[in-house]
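Number of protein chains: 2
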Amino acid sequence: MDIFEAIHTRRSIRHYKSTPVSDKNIDIILEAAHWAPSWNNTQCARFIVIKDNHTKAKLAETLPHNNPAAVAINTAPVVIVACAELKKSGFMGGQVKTDKGDWFMFDVALAMQNLTLAAHALGLGTVHVGLFDSEKVAQILNVPDGFTVVEMMPLGVPADEGKTSRRKELAEIAFYESWGKTIV
Amino acid sequence: MDIFEAIHTRRSIRHYKSTPVSDKNIDIILEAAHWAPSWNNTQCARFIVIKDNHTKAKLAETLPHNNPAAVAINTAPVVIVACAELKKSGFMGGQVKTDKGDWFMFDVALAMQNLTLAAHALGLGTVHVGLFDSEKVAQILNVPDGFTVVEMMPLGVPADEGKTSRRKELAEIAFYESWGKTIV
Chain A
1 MDIFEAIHTR RSIRHYKSTP VSDKNIDIIL EAAHWAPSWN NTQCARFIVI
51 KDNHTKAKLA ETLPHNNPAA VAINTAPVVI VACAELKKSG FMGGQVKTDK
101 GDWFMFDVAL AMQNLTLAAH ALGLGTVHVG LFDSEKVAQI LNVPDGFTVV
151 EMMPLGVPAD EGKTSRRKEL AEIAFYESWG KTIV
Chain B
1 MDIFEAIHTR RSIRHYKSTP VSDKNIDIIL EAAHWAPSWN NTQCARFIVI
51 KDNHTKAKLA ETLPHNNPAA VAINTAPVVI VACAELKKSG FMGGQVKTDK
101 GDWFMFDVAL AMQNLTLAAH ALGLGTVHVG LFDSEKVAQI LNVPDGFTVV
151 EMMPLGVPAD EGKTSRRKEL AEIAFYESWG KTIV
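For the protein sequence lines, the chains are A and B, in the order given.
Sequence positions in the first sequence follow this note's numbering and run 1 to 184.
Sequence positions in the second sequence follow this note's numbering and run 1 to 184.
Just so you know, the hints here were simulated from the structure itself, not pulled from any lab data.
Where hints are given, some of them may not hold.
One copy or two, either will do: identical chains are not told apart, so a pair holds if it fits within one copy or between any two.
As the list claims (entries may be wrong) - Cut-off 25 Å, straight-line C-alpha distance, at most; resulting in silico cross-link-like pairs (DSS-like, lysine-lysine): (1) 181 / 163; (2) 87 / 100; (3) 181 / 24; (4) 51 / 88; (5) 58 / 100.
Please put together the full structure from these sequences, using the hints given.
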């Protein structure tokens with residue numbers, strides 16, 4: 001799939017078919033995530049691939065009550081749990097280097113955008129799920145100290161097309177030479 | 001360009017030709033960034049396109065002394081400055097919703113990964129520059145209160161191929177069903 005087609009036709013998918021995802025496709029998707037760049041090549045991102053229904057049910061219980069994303073986590077054939085090693089990205093010699101502190105959120109997101117685009121090109125849908133009790137997920141999956149759980153991403157064949165979120169006009173978000181200047 | 005080719009052949013580019021980047025290509029690249037998803041569609045990311053050499057020189061001065069990225073910022077025909085609106089991503093009703101606080105770093109990175117892939121498909125190189133005085137950059141570009149400068153990204157025709165950063169093995173970063181389990 002062409003890169004621009006992938007970027008413009010990807011949608012957040014909240015309903016999945018039970019069709020299994022092949023291990024080969026999971027490998028391709030994880031490799032795509034791994035090829036994202038990272039702060040000083042520190043590679044803080046980690047991924048846990050969940051297919052076990054009992055584990056998915058426990059993960060779904062960490063979401064707020066009645067959150068619809070719980071259904072997606074329970075029914076998608078695969079859930080990718082994205083984690084990060086702390087105090088690597090944005091650090092040098094153990095010292096934080098910018099006013100942003102730890103850049104793990106930035107680096108995990110770079111990887112997850114590759115992952116979603118790769119999945120979409122293989123006919124697989126995804127959605128970002130960030131609203132859950134990350135400490136409970138860490139306990140369920142034995143994530144050790146020094147790492148944190150960032151997000152959970154259901155993965156599978158879409159059962160619907162997803163919706164197109166309304167975007168702001170480009171003139172509202174892109175400026176030229178200085179903040180607020182919308183004319184080139 | 002195929003999505004997998006884009007993901008696997010993109011390199012961080014630190015040397016640029018002076019060849020101008022067309023306004024049409026800048027538009028295509030910004031649209032690609034804008035099509036990344038965001039927390040509850042809050043769209044916190046903003047972009048400032050810098051071509052003016054005097055402004056680029058001032059931006060380069062916000063980097064640590066002798067940082068080689070300053071040359072890239074001075075010599076690339078375009079610098080994209082990525083900013084974010086604070087207290088939108090990761091918030092609901094003005095309240096932070098997760099232990100990660102503000103998710104602006106995550107959402108800006110999703111957009112910037114689209115941006116780098118789109119640029120690469122158009123024959124243009126990029127590199128993430130995160131190590132600089134973001135308050136000084138905000139002053140130079142008149143970024144208002146409530147927004148922050150996240151990163152600067154030189155953009156232009158590559159003057160070299162860039163280097164391939166050594167990656168960890170997939171078995172070091174991807175687990176199955178539980179942390180540390182490397183066999184499916």
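Status of the hints after comparison with the structure:
{"no.": "1", "hint": "181 / 163", "result": "neither (31 Å within a copy, 36 Å between copies)"}
{"no.": "2", "hint": "87 / 100", "result": "both (12 Å within a copy, 14 Å between copies)"}
{"no.": "3", "hint": "181 / 24", "result": "between (48 Å within a copy, 18 Å between copies)"}
{"no.": "4", "hint": "51 / 88", "result": "neither (29 Å within a copy, 33 Å between copies)"}
{"no.": "5", "hint": "58 / 100", "result": "between (33 Å within a copy, 21 Å between copies)"}
When held up to the earlier numbered hints, the structure conflicts with 1 and 4 and fits the remainder.
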